[in-house]
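Protein chains in written order, with our numbering: chain S, 1 to 315; chain H, 1 to 486.
If you are wondering where the hints come from, they were derived from the structure by calculation, not from laboratory data. Since the model is a prediction, treat every value here as computed from it, not as a measurement. Quick reminder that beta carbons are idealized off the backbone N, C-alpha and C, glycines included. Take the hints with a grain of salt, since some may be wrong.
Stated by the list, open to error - For the chain H half of the interface with chain S, some residues (derived, Cβ under 7 Å), not all of them:
no. : residue
1   : P318
2   : A319
3   : I322
4   : Y328
5   : P330
6   : Q336
7   : F339
8   : Q342
9   : A351
10  : L357
11  : Y358
12  : R361
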Amino acid sequence: MQLSKYLRERVVSLSAAILLLCIIMTIVYPSQFATVENFSQVLLNLSIDTIVAVGMMVLMIAGMFDLSVGSVVAFAGGLAGYLMYYHDVNFLLAIMAAIAGSLLIGLANGLLIAKAGINPMIQTLAMMGIVRGLALMLSGAGIQNFPYEFIYIGQSKLLGLQAPVWYMIVIVGLFSFLAAKTKFFRRYYFIGGNERASKLSGIRVEKMKIYAFILSALLAGIAGILLSSRLGAALSTSGRGMELRVITAVILGGASLSGGYGKIVGAFLGALFMALINNMLIIGRVSGYWQEIILGIILIVAVGLDQWLLRRIEK
Amino acid sequence: MLQLKNISKSFPGVKALHDISLEFKPGEVHALCGENGAGKTTLMNILVGNIQPDEGSIFLSNKKIGVENIQVAQGFGISIVYQERSLVDSLTVAENIYPVNQPLNRFGLINYRQLYKQTQALLDELQLTHLSPVTKVEDLSSSQKQMVEIAKALAQDPSWLILDEPTASITNKETEILFSIIRKLKAKGVAVIYISHRMAEIKTIADIVSILKDGIFQGSYDAASTPVDIIIAKMVGRDLQQAAYISHKQKEVALEVKNLSGKGFSDISFVLHKGEILGIAGLQGSGRTELALAIFGDIPFQNGKIIEDGISIHPKHPADCINLGMAYIPEDRKAQGLFMEQAISDNIIAAHPGKGLYNRRESHAVSESYRVKLSIRATHVQQKVQKLSGGNQQKVVLAKWLHTEADIFIINEPTHGVDVGAKAEIYSELRKLTAEGKSILLISSELPELLLLSDRIAVMYKGNIQGIIEHDNANEENITAMASGM
Chain S
1 MQLSKYLRER
11 VVSLSAAILL
21 LCIIMTIVYP
31 SQFATVENFS
41 QVLLNLSIDT
51 IVAVGMMVLM
61 IAGMFDLSVG
71 SVVAFAGGLA
81 GYLMYYHDVN
91 FLLAIMAAIA
101 GSLLIGLANG
111 LLIAKAGINP
121 MIQTLAMMGI
131 VRGLALMLSG
141 AGIQNFPYEF
151 IYIGQSKLLG
161 LQAPVWYMIV
171 IVGLFSFLAA
181 KTKFFRRYYF
191 IGGNERASKL
201 SGIRVEKMKI
211 YAFILSALLA
221 GIAGILLSSR
231 LGAALSTSGR
241 GMELRVITAV
251 ILGGASLSGG
261 YGKIVGAFLG
271 ALFMALINNM
281 LIIGRVSGYW
291 QEIILGIILI
301 VAVGLDQWLL
311 RRIEK
Chain H
1 MLQLKNISKS
11 FPGVKALHDI
21 SLEFKPGEVH
31 ALCGENGAGK
41 TTLMNILVGN
51 IQPDEGSIFL
61 SNKKIGVENI
71 QVAQGFGISI
81 VYQERSLVDS
91 LTVAENIYPV
101 NQPLNRFGLI
111 NYRQLYKQTQ
121 ALLDELQLTH
131 LSPVTKVEDL
141 SSSQKQMVEI
151 AKALAQDPSW
161 LILDEPTASI
171 TNKETEILFS
181 IIRKLKAKGV
191 AVIYISHRMA
201 EIKTIADIVS
211 ILKDGIFQGS
221 YDAASTPVDI
231 IIAKMVGRDL
241 QQAAYISHKQ
251 KEVALEVKNL
261 SGKGFSDISF
271 VLHKGEILGI
281 AGLQGSGRTE
291 LALAIFGDIP
301 FQNGKIIEDG
311 ISIHPKHPAD
321 CINLGMAYIP
331 EDRKAQGLFM
341 EQAISDNIIA
351 AHPGKGLYNR
361 RESHAVSESY
371 RVKLSIRATH
381 VQQKVQKLSG
391 GNQQKVVLAK
401 WLHTEADIFI
411 INEPTHGVDV
421 GAKAEIYSEL
431 RKLTAEGKSI
441 LLISSELPEL
451 LLLSDRIAVM
461 YKGNIQGIIE
471 HDNANEENIT
481 AMASGM
């Protein structure tokens with residue numbers, strides 16, 4: 001009974017699953033899995049997704065989501081690359097332009113959803129196509145040869161961990177604190193719980209929604225710059241399929257589509273869990289095709305298990 | 001004869017029903033009374049198969065039956081009209097009344113012409129002539145929706161009909177229609193199980209009244225001959241003092257509304273004094289709620305002025321009004337007042353203005369003090385609001401607004417679906433507010449409530465204030481007459 005309740009706390013059950021996975025892998029593949037290099041690689045692989053997932057978690061707590069994030073990742077890298085390569089713009093200015101562009105996309109999403117009343121799924125689906133097109137126009141077949149300073153952002157190392165991992169840690173830590181502790185971010189739980197009651201309780205729901213979409217686009221923009229810096233190239237195909245991967249991680253991490261639930265750290269744990277499964281399959285030399293199949297099954301099992309536990313508790 | 005024998009049911013931490021035995025006879029209206037949380041709804045859910053009892057069984061004509069789910073119950077001729085809505089807004093009245101068993105044509109497709117015809121026949125039989133089979137449910141008022149719910153249950157031609165608070169959201173006229181339907185069913189030999197808080201209705205329509213308190217059966221009584229105070233005493237298990245009218249009205253004006261017009265109301269003027277309860281009476285659709293929402297900044301107003309403490313205000317959002325010391329307790333607590341999936345403590349701090357850091361410990365301490373003050377029946381303030389009974393949920397909404405320390409309370413149907421015990425507690429809280437010099441605009445459909453609490457009563461009809469009656473001159477007759485435009 002008490003155990004069921006704890007297991008329904010997704011952060012707890014997911015941490016347990018991750019721990020279990022690590023123990024099994026350490027026993028089965030001690031020399032390949034439990035190494036610093038492997039772990040730093042796993043963390044690097046999940047860092048970009050996790051940064052985007054933080055913004056998605058905030059949106060999903062408020063009962064919304066953003067399908068345009070993957071396109072914004074490509075757009076931000078593309079815009080920075082375009083400015084640096086074709087116009088010799090200073091790397092800092094290029095980054096600022098890319099961030100500003102991402103913010104504008106988020107603002108457009110937010111305004112059209114909150115003020116014009118367009119459904120978030122439809123709005124961000126349309127924006128996903130529009131921004132992907134812009135990214136294609138900017139980076140064409142791909143842009144390379146970035147200035148050294150730009151490359152440094154994503155490829156430097158500190159204490160054995162790559163820079164994107166550090167950015168991820170800072171962002172997850174910062175937003176975990178903000179979401180749990182500030183009255184501002186706690187409003188998103190109310191909005192996700194009951195929008196009408198939120199407004200009548202004095203929460204400016206429209207503004208809060210706009211901020212959430214701006215935040216999501218901002219984090220996607222940062223992720224896009226990190227990705228292109230790490231790869232040393234801006235590709236128009238960057239971030240393709242990322243939106244669904246990120247939503248999967250966020251739901252695994254404890255969010256619900258109807259809103260009101262979720263913790264920021266859950267977004268990280270969800271992404272970590274997915275990355276570990278991926279790592280396990282690679283070390284175990286399982287065909288890459290299996291990855292998607294297994295992740296799909298895990299998502300169904302996780303959500304199904306949750307419903308089962310809920311029924312048990314309510315009985 | 002339909003019998004429940006020795007039914008017991010426990011939920012984690014609560015014994016919801018304790019060895020309940022009841023019997024329902026054809027052609028009899030059997031009222032079921034009890035405070036919220038007394039176990040009435042649980043018992044009915046067992047009868048229709050939504051919940052399985054831990055102990056005890058159901059007998060039909062002295063044969064033990066197993067009711068595994070609601071389809072099985074319908075097979076035995078048991079139908080229920082829930083408190084919650086079960087209609088699909090985007091479909092027509094006819095499609096809602098016949099969600100299954102639609103008439104088919106020879107190709108096996110739905111025969112709409114026949115469907116509308118048989119729905120019209122049913123509506124005619126029920127005297128619901130103001131409803132059309134082809135109207136979409138979303139275009140109906142909440143009282144019309146309730147009547148469609150009832151029609152839907154009757155379409156199954158039940159032998160045993162359960163009505164759970166059927167009059168909570170319908171107008172007096174529709175209540176009369178409902179009663180004439182119940183009388184007809186009775187004559188046909190249908191048994192009606194009637195759950196209600198309203199004593200007047202029980203006296204009018206019921207033959208027998210059975211009372212539950214905290215899941216324990218308190219006895220069955222003859223409805224006509226048993227005095228109301230005895231029924232209430234059995235329900236609450238104590239004698240409720242009939243509160244008397246007390247006035248805390250001061251001379252100073254807290255809020256003035258001048259010639260206010262907007263969607264649904266026009267040219268509204270009144271003055272609300274400090275410490276005053278100004279009642280607003282009127283039928284559903286008379287513009288009461290729109291007026292309240294406009295004053296609270298939720299919907300815009302076109303003309304007129306709102307003057308608070310001598311200063312003209314122009315609210316654009318409820319947040320503006322909250323900052324100016326106003327509070328609004330909505331009529332539909334589930335849809336507009338509460339965050340059902342969240343903890344009591346989160347609900348209580350929801351409207352508290354403020355920036356900066358959220359302090360979990362402080363919010364628990366504050367909520368705990370309100371839990372004690374309003375005697376909200378919950379084990380702890382981290383409990384989800386969903387698990388509470390209607391009366392306790394309403395107290396949570398009240399606590400939320402008490403916590404904002406507002407000076408002007410706009411309260412819409414404060415005791416809708418709330419049991420008598422909680423009702424008395426809510427009334428006494430409202431009195432405490434006015435004693436502190438706070439003002440209340442009290443919107444209510446329950447005339448006894450308005451008459452008991454209000455210093456003055458403004459009666460609305462079709463968006464206008466027909467007149468404002470002083471407490472001493474007000475009675476049910478003159479309010480009803482004004483509210484219906486006479």
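Tell me, which hint numbers fail for this structure? 12
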